[in-house]
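K.L.:
Following the hints, put chain L in place on chain V, whose structure we already have.
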Amino acid sequence: MMDTSTLYAGLGVLLSAMGLLGLVLGRHPIRKIIALNVIGAGIFLFLVAAAFRSHSGGPDPVLHAMVLTGIVVAVSATALGLTLAGQVQQSRSENEALANPKESKHEQR
Amino acid sequence: METIEAGIIDLILVLLLVLLAGSSLLLPRLFRAVIAFIGFGLIMAVVWIRLHAVDIALAEAMIGSGVTGALFLAALARMNRSGNERESANTHRTSGARAICLNSNGRVIGNGIQWRGVIATAVIILAMMLMALMVFPLPEPDGKISALVFRNLSDSGVSNPVTAVLLNFRAYDTLLEIGVVLLTLLGLSAVVNRDRLVGPRYTDRVLSGFYRLTLPLLILFCAYMVWVGKYEPGGAFQAAALLAAGGILGHIIGANPRPHNWDGKHLRIAVSSGFAVFLSIGVLLWVQNGLFLRFVPESAGGFILGIEVVATIAISISLVILFHGSSGHPSSFLGNRQLPPAAKEAE
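First to last, the protein sequences are chains V and L.
Residue 48 in the numbering used here sits at position 48 of the first sequence, with consecutive numbering throughout.
Residue 110 in the numbering used here sits at position 110 of the second sequence, with consecutive numbering throughout.
Derived by calculation from the structure, the hints in this document are not laboratory data.
Ideal placement from N, C-alpha and C gives every residue a C-beta, glycine not left out.
Please note: incorrect hints may appear among the correct ones.
[Claimed, not checked] Quick look at which bits of chain L chain V covers, simulated, 3 or more residues with Cβ under 8 angstroms: (1) 53 to 64; (2) 116 to 129; (3) 162 to 174; (4) 282 to 290.
[As the list claims (entries may be wrong)] Here's a subset of chain V near chain L, in silico, CB distances under 10 angstroms, partners left out: (5) T4; (6) L15; (7) M18; (8) G42; (9) G70; (10) T83; (11) A85.
Okay, chain V solo, but in the shape it has when bound (with noise of 0.2 angstroms):
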């Protein structure tokens, strides 16, 4: 068997790749944004990991507020993502609208 951090350290590089990759063959804005999250849950997962090895009274604090403060921001950066994404295809449709004005329903304001 593996020691234990060891094998979330490589859970922590696999799912970056994952990620990665979501992040670069998704095609909806929401995929991609899942697919950042899941970055930073592998990136997390190493540091974490990489505290369980230092055994001397406990895991290393200075990662553990680290990644705390990454979960913070991580969830700051997909709401931001997420509204920004919610602008563009709400002006995408608008623009739709203006194009073809039959079926619009953005005339009436």
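P.N.:
Then chain L, alone, in the frame of chain V:
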């Protein structure tokens, strides 16, 4: 250094994580992909506990899985709403959940796999294998930094090493992190089109009963979480996520959880208070002790608790507003402008 052998449970968790990450990236229907991603976050929380990172497990379960999942679902519902405006004529997908399930815009790979995709895949796999070769086997930890933390823990004013690092030894990082949350809100208010956005409201009696029952408990548990962060896993971010969960639920059912006499200005003050208080304490300590954010052992505990309380309130309100922005709800943070009556009727 001692090594700990991985058990069967670790292998199961690894398999589950790979499976769920794969489904969140590959499932053709975005709604299912988002659900798989929420499951992924929950399994991650179990993994953090396996790796003795209880602080991160709490944050992951509440923020990484809970709030992020809510953000994704809200954004998906909003995109389907605006997408349905032009598609509803030929598809009849009007009910919310069905519309989400039937959305097929989110395919990862279309009908024909393009050569660009193949090249990208090859390059990424190669790069990752090179990286893995460089990183493994993991080097021996020297443990100097963590030894430094544990040696100075008694002077930090708190006894939970992670809180000590977050708010004392590396408080600068956390200050900037709260700044990042504030910046995100600024970015959000810059792009959100205030006049057009009206979200759905679910006036569900079971949900509002649940909200009324759980909100006091959430607030109580949030206060406990802030307090216990000094000694045990917990702290401002986890508490903020709890409070934000209550706020998001309240907004979904239209209960409007903010105080009645608050308008956009109050909300803006509350949201920026975390950063402002943290910064002013930093400057105060600079004047007192000669260095920005240098705590002295006697007063550190009090300052840290103060920062945590204000940061909890600021971050939780920020998270609720971020949820609003992604779901397309109008938020009074985003400006005092009310919806013009014509726009209300049009929706």
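K.L.:
State whether the coverage of the segment 162 to 174 of chain L by chain V holds or is violated, taking the criterion as 3 or more residues with Cβ-Cβ distances under 8 angstroms.
P.N.:
Coverage by chain V holds here, the residue count being 8 at a Cβ distance below 8 angstroms.
K.L.:
Can you verify the interface hint for L15(V): is its Cβ closer than 10 angstroms to any Cβ in chain L?
P.N.:
holds (6 angstroms)
K.L.:
Count the residues of the segment 53 to 64 of chain L whose CB lies closer than 8 angstroms to any CB of chain V, then report whether that count reaches three.
P.N.:
Answer holds; 7 residues pass the 8 angstroms Cβ test.
K.L.:
Under the criterion of a CB-CB separation shorter than 10 angstroms, is A85(V) in contact with chain L as hinted?
P.N.:
holds (7 angstroms)
K.L.:
Tell me if G42(V) is really an interface residue toward chain L, meaning its C-beta lies closer than 10 angstroms to one of theirs.
P.N.:
The hint holds - G42(V) has a Cβ within 10 angstroms of chain L, the shortest such distance being about 8 angstroms.
K.L.:
Are three or more residues of the segment 282 to 290 of chain L within 8 angstroms, CB to CB, of chain V?
P.N.:
As far as the segment 282 to 290 of chain L goes, the hint is violated, because 0 residues have Cβ atoms under 8 angstroms from chain V.
K.L.:
Any CB of chain L closer than 10 angstroms to the CB of M18(V)?
P.N.:
M18(V) check passes; min Cβ-Cβ to chain L is 5 angstroms, inside 10 angstroms.
K.L.:
Given G70(V) as an interface hint, is its Cβ closer than 10 angstroms to any Cβ of chain L?
P.N.:
Since the shortest Cβ distance to chain L is 9 angstroms, the answer is holds.
K.L.:
With a C-beta cutoff of 8 angstroms, work out whether three or more residues of the segment 116 to 129 of chain L approach chain V closely enough for the coverage to hold.
P.N.:
holds (count 6)
K.L.:
Taking 10 angstroms as the limit, does the beta-carbon of T83(V) come near enough to a beta-carbon in chain L?
P.N.:
Hint holds; T83(V) Cβ to chain L Cβ min 5 angstroms, cut 10 angstroms.
K.L.:
Just to be careful: measuring from the Cβ of T4(V) to every Cβ in chain L, is the smallest value less than 10 angstroms?
P.N.:
Constraint on T4(V) satisfied, holds at 5 angstroms.
Checked against the numbered hints above, the structure breaks only hint 4 and satisfies the rest.
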